[in-house]
Each structure stands twice: as structure tokens, then as C-alpha cells.
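These protein sequences, in sequence, are chains A and B.
Anchor point for the first sequence: position 246 equals 406 in our numbering, and the numbering is continuous, going up by one each time.
Anchor point for the second sequence: position 160 equals 175 in our numbering, and the numbering is continuous, going up by one each time.
Among these hints, one or two may not hold up.
Short derived list, chain A residues pointing at chain B, Cβ under 7 Å [what the hints assert, rightly or not]:
(1) L204
(2) N380
(3) I423
(4) G432
Bear in mind the hints are in silico, worked out from the structure with no lab data behind them.
Don't be surprised by glycine CBs; every beta carbon is placed ideally from N, CA and C.
Spelled out, the chains give:
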Amino acid sequence: MSPEGFKTRSAQALRDKHLGQAINNATQRFAEARVHAFSDEDELNALREQGRQIKDAALHNLPLLLHRLEQQVTARGGRVFHAADAQAANDYILGVARRKYARIITKSKSMTTEEIDLARILEEDEIEVVETDLGERIIQLAREKPAHIIIPAIHKTRKQVSELFHRKLGVPKSESIDELTKAARATLRKKFLQANIGITGGNFLVAETGTLVIVENEGNARLTTALPKTHIAVVGIEKVIEKMSDLPTMLKLLTRSATGQRISSYISLITGPRRAGEPDGAEEFHLVLLDNGRRRIHRDAKLREVLRCIRCGACLNVCPVYKLIGGHAYGGVYPGPIGSIVTPLLGNENTGTELPSASSLCGACKDVCPVKIDLPRLLLLLRARLANRAPAGLFEQIAFKAWALAMGSPRRFALARKVARKFYRLTSGRVPYPLSGWTESRTFPEPAEQSFREWWETEHERRH
Amino acid sequence: MNAAIKSSKTRFAERLQAVDGHVTTVQSPTAAARAVKTILKDGGAERVAVDACDTLRALDLPKALGSNKIEWILGSADKNELATCDAGITSADFAIADTGTLAFLSGKGLSRSVSLLPPLHIAIVPINALVEDLDTVLAQVLDAGEMPSCLTLVTGPSRTADIEQVLTIGVHGPCALHVILLKN
Ligand code: SF4
């Protein structure tokens with residue numbers, strides 16, 4: 161992903177008036193729902209502080225908690241696989257799928273599986289992977305990527321969905337969202353009944369009991385875990401919390417921040433495979449714990465707090481940049497302020513390096529983050545680190561040398577000022593390449609008619 | 016004690032109704048059966064799955080309501096069979112006042128799908144299953160032993176807002192949830 165890529169994509173997004181409108185409406189609605197859900201400011205502050213502490217304590221003890229989690233899961237007959245990177249995770253899951261002769265796999269919404277591009281790997285093996293969350297299904301049929309962490313099809317209109325369903329599922333066109341939803345229900349129900357493997361993500365992992373927690377509204381994650389004989393969960397290692405008693409606080413923060421709900425319609429707490437005498441639920445339970453750069457972040461004391469993130473999407477909904485360009489312009493799996501931080505850090509370290517600059521540092525994200533991540537600080541830190549890593553271009557080197565020269569003596573400074581004023585008049589603020597890269601999106605400040613130094617000199621003479 | 020139960024019952028009902036669930040309170044098993052009959056009739060449900068739990072065994076709905084208008088599917092966990100049912104009837108292990116939530120613990124002979132596959136879900140819940148919050152549920156479950164293989168929290172019917180953020184009920188799970196609180 162090159163810097164030009166981001167610029168081109170965001171410019172494209174900015175030209176799409178419909179997209180801007182759709183994203184703006186949706187984010188506005190979710191941001192308002194969140195404010196409404198947290199109308200008690202004291203409660204909000206107390207919850208956020210608790211959330212921060214729970215996640216910090218868990219990150220502090222991460223190796224120990226992961227060990228305990230694994231013990232608990234395996235003691236109940238589940239299997240745990242530690243995946244160092246995307247490829248290791250995909251290889252393992254493909255291995256399970258082949259062993260089970262999987263033809264159809266149902267999948268509930270999971271950003272982690274997007275991160276490792278799991279569906280593509282399985283499809284290459286001629287396995288039909290069916291996204292079952294309505295938004296994800298729309299995106300899958302449209303062959304796109306999610307545009308928002310919580311609302312994948314945030315940018316699609318009912319008309320577009322109607323045409324898509326008509327073309328791909330052979331159902332009659334309809335402008336009724338109710339009917340479109342029913343069509344999705346009917347077609348996906350068949351897949352649920354046929355699938356022999358279900359793949360989910362996970363919102364939390366409770367080390368104390370070895371429990372996987374899945375938060376959802378549609379019931380597709382319940383179907384994905386209850387019906388197939390095999391359940392594979394792919395979860396980032398940072399999702400672990402220590403105790404079951406930590407969970408209620410985290411759930412309150414998550415559902416209220418994400419959708420403004422006091423609680424979501426369904427929450428499943430899954431502890432190992434089904435037990436003796438139980439008629440449904442998976443017989444085989446695999447937990448894939450994904451690293452993919454997370455341990456690298458964890459080792460870095462200055463970055464570690466980003467692992468507190470519970471992927472609620474609240475920072476996207478208030479971000480002026482996200483609201484203008486939408487999710488796809490970011491080019492990665494995670495958009496918005498959190499995406500600008502984790503994209504360059506997860507997986508391949510050379511992707512998304514331009515993203516930390518795609519922020520106005522207004523601080524709105526920090527204000528809403530349920531686990532108090534200081535997103536602006538992290539964005540600045542990454543900017544500095546990435547700037548130090550990349551050698552400056554020739555033009556930048558010359559420019560800074562000239563700057564140093566001009567600043568070196570009062571006489572040269574005065575001269576430079578005069579030149580700048582003339583230059584501004586000549587160009588009326590529209591400077592030629594390569595400086596034009598700067599002025600295209602910013603107004604060049606007009607040099608004052610009289611500088612402070614000049615004013616001081618005349619004023620000084622007048623008084624004495 | 017009585018006052019506390021009453022207020023948590025009210026809060027449970029208010030919270031659940033706020034997310035499109037229905038709540039009725041009945042005084043006796045006969046009244047519970049009558050309530051079930053009305054809900055099934057209103058929903059046009061003919062094939063009805065009943066969970067194999069103790070509460071429902073004791074109620075013996077097929078006996079109370081007869082079999083001439085309703086085809087009863089008792090204690091089934093066959094997904095293909097359950098997918099053809101119009102309604103699923105279960106009990107619940109806890110009813111959480113704070114959020115209007117039902118909690119189900121998996122266990123021997125109990126299917127996770129009776130409350131999931133049919134479009135109409137009816138839960139008959141003894142009123143002493145009411146608790147204040149999720150913290151209490153989790154603490155009680157752990158005190159009693161260990162986590163079940165699946166603990167499901169259900170708050171209202173299945174919902175989505177994935178198309179144009181318009182709230183739509185009944186995407187994958189039940190389109191309607193009725194809770195009948197049964198006084199002992
Ligand atoms: S950074 Fe904070 S606000 Fe953004 S998704 Fe993560 S938890 Fe939510």
C-alpha cells in the first residue's frame with residue numbers, strides 16, 4: 161500500500177457524494193446512540209476507568225493468562241493453536257477443514273479472520289465460505305471489504321442490496337428492507353443446516369474458565385456455534401481478560417460504545433466443546449490464538465495500550481477523517497483512528513505506513529474510547545517513528561539546509577523574509593511543484609506586510 | 016423480599032419490552048398453558064417444539080392444550096426437524112432484571128436450538144429465576160460448579176440494522192420473543 165494509494169483512494173472517496181452522505185448519516189446515528197446510552201456521566205467515567213484497569217491488568221499478565229486460558233480450554237477437551245502469523249493460522253484452519261472434508265463453512269462476523277484473509281485461503285481450496293452476518297454477507301456478495309468494524313455495509317443503499325441479492329441469490333428485487341432481510345434469512349438458513357464447520361471470532365476470552373465470549377445481535381453466531389460439528393474460533397491474543405467477574409463491565413462498555421445498546425440481543429459464553437449427553441453444540445472446539453504482530457506491540461511499552469482496544473468502532477463514528485473518506489480509503493482491514501494505528505503495526509510492518517498522518521489529531525477518538533486509549537499520542541508517536549525510519553527526500557534535505565542557513569544570522573533571516581513576501585505576491589499563495597503538494601489541501605499563510613522585527617525597529621526609533 | 020422481587024420483575028419487563036420482547040406474568044401452571052395457547056394461536060403456530068427441561072415436563076403442555084390443533088415435537092435436537100417448527104418453547108435458568116435478559120445454561124438432553132431455529136420463541140420462566148444483574152448470574156454459576164459448555168444470554172428477538180441502519184427484527188434467530196413469568 162503506497163502513500164499514493166491512500167491519497168488516490170481518499171480523493172476518490174471524497175468525490176463520491178453518495179458515499180459521504182451515507183457514512184455521515186450512519187456514523188452520526190451511532191455516535192448519538194452511544195451518547196444516549198452513556199447519559200450518566202459519572203457511570204460512564206467509572207466504567208471507562210474499570211475497563212482500562214481490567215485490560216491493563218490483563219496485558220500486564222498476558223503470558224500467564226494465555227497459559228491459564230489454554231489449560232482451561234484443553235482440560236475441557238478443546239484444542240488451542242498459537243498462530244504466530246496469518247499464514248500459520250490459515251494453514252492450521254485449512255488442515256482442520258480438509259480433515260473434516262468441509263464443503264460448506266458458515267462464518268460469523270470477525271475482524272480477525274478478515275485480518276488474515278482466511279476466506280480467500282479456504283475458497284482457493286474449493287470450500288464454500290458463507291458469511292452469515294447480514295452486513296458481511298452483502299459485502300461478500302459484492303466482493304468488497306468491510307467499510308466499518310461494526311457496520312460492514314455502512315456504505316450500501318437498499319437499492320444496491322436489492323440489485324445485488326437479485327443478481328447473486330436470484331430473489332425478486334425489493335425496496336423493502338424487511339423483505340431483503342427475509343430473503344437473506346431464507347437463503348442463509350439452508351447454508352446453516354448444511355455446514356459442518358462453523359468459524360467465529362471472539363470479543364473476549366476469560367482465562368479463569370477458558371471461556372470464549374461472542375457478542376452479536378442477529379443470532380448467526382449462535383447458529384454458527386450450535387449446529388456444525390466443528391467450531392473454530394480465531395481470536396487475537398489481546399482479547400484475554402483475567403476473570404469471569406471482569407466480563408460484565410467489559411460487555412457494558414462494548415455494546416454501549418458500539419451500538420448504544422444496554423446489552424446486545426445475544427451473547428454466547430462458550431467453554432469447550434459440548435459435553436456428554438448434550439445433543440448439540442460443536443463436538444470439536446478449536447481456539448486459534450493469533451499473534452500476527454501483537455506480541456511485538458506488547459513488548460513495546462509505549463505502544464502497548466493499543467492492545468486494550470475492544471474493536472467497538474466508536475472512534476470511527478466521531479472521526480472527521482473517517483466520516484469524509486469512509487473505510488475503504490484506509491486500504492487495510494481496520495479503518496478510522498484505530499486502523500491508522502494498528503494497520504502499520506500488525507502483520508507486515510510495511511503496510512499502511514502513511515495512515516498515521518491521515519488524522520487531524522482533533523482528539524475526538526480519545527474522548528469516546530471506552531478503554532481510554534490515547535489515540536492521538538499513538539498517532540504522533542508512529543508518525544515520528546516512521547519519519548525517522550524513512551530517509552528524507554532530496555528536496556526535503558535541501559529545504560531544511562536552506563532553512564538552517566536562513567535562520568543562522570539576523571541578516572539572512574531578514575533577507576529570507578523579504579524573498580518570501582515577494583514570492584507570495586507573485587504566486588498569490590499557489591506555490592509551484594513540489595511545494596504544491598502542501599498548498600493543494602491547505603491555505604498558505606500570507607506573510608504579514610510588516611514583520612515583528614520591522615515594527616519593533618520603527619517603534620523603538622519613534623520612542624527614543 | 017417481596018418488594019424487591021416485584022421491582023426487579025417490573026424492571027425486567029420494562030427492559031425487555033424496550034427491545035421488542037413481550038412479557039406476561041401468570042399465577043398458575045394452568046394460566047401459563049392458557050397464555051401459551053393464545054400466543055401460539057396469534058402467531059399461527061402449528062408445529063411446536065418443546066424443550067426437555069424439568070419445568071416444561073412438569074407443565075406437560077401437550078396434555079394441557081391437547082393435540083388436535085398443535086403438532087408437538089418433544090425434546091428434539093434434530094436441527095432439520097427444529098427448522099421446520101413454527102415455535103420453540105423453553106424455560107430459562109435466569110431472568111436478569113438489569114437488562115431484561117434471559118440466561119440459558121446448556122446441559123444434558125437440552126438443545127441449544129429450540130430457542131434459536133423456530134421463528135417464535137416462548138420462554139416459561141419461574142419467577143424465582145429473577146436476579147438483579149449479570150454479575151449475579153456468573154457468580155452463581157461459578158459457585159455451583161463450573162461454566163457450562165454454553166451459557167447464552169438472550170435479550171429480545173434477533174435484530175439487525177445492517178441495511179441503511181434501519182432496525183429490522185428477525186434476521187437469523189427468532190422474530191418474536193415471549194416471556195411468561197410463572198409465580199410459584
Ligand atoms: S480504539 Fe477505543 S474507540 Fe476505537 S475501536 Fe478500539 S476500543 Fe473502540
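Against the structure, the hints come out as follows:
no., hint, verdict
1, L204, "16 Å, violated"
2, N380, "5 Å, holds"
3, I423, "4 Å, holds"
4, G432, "6 Å, holds"
Taken one by one, the earlier hints fail for this structure only at number 1.
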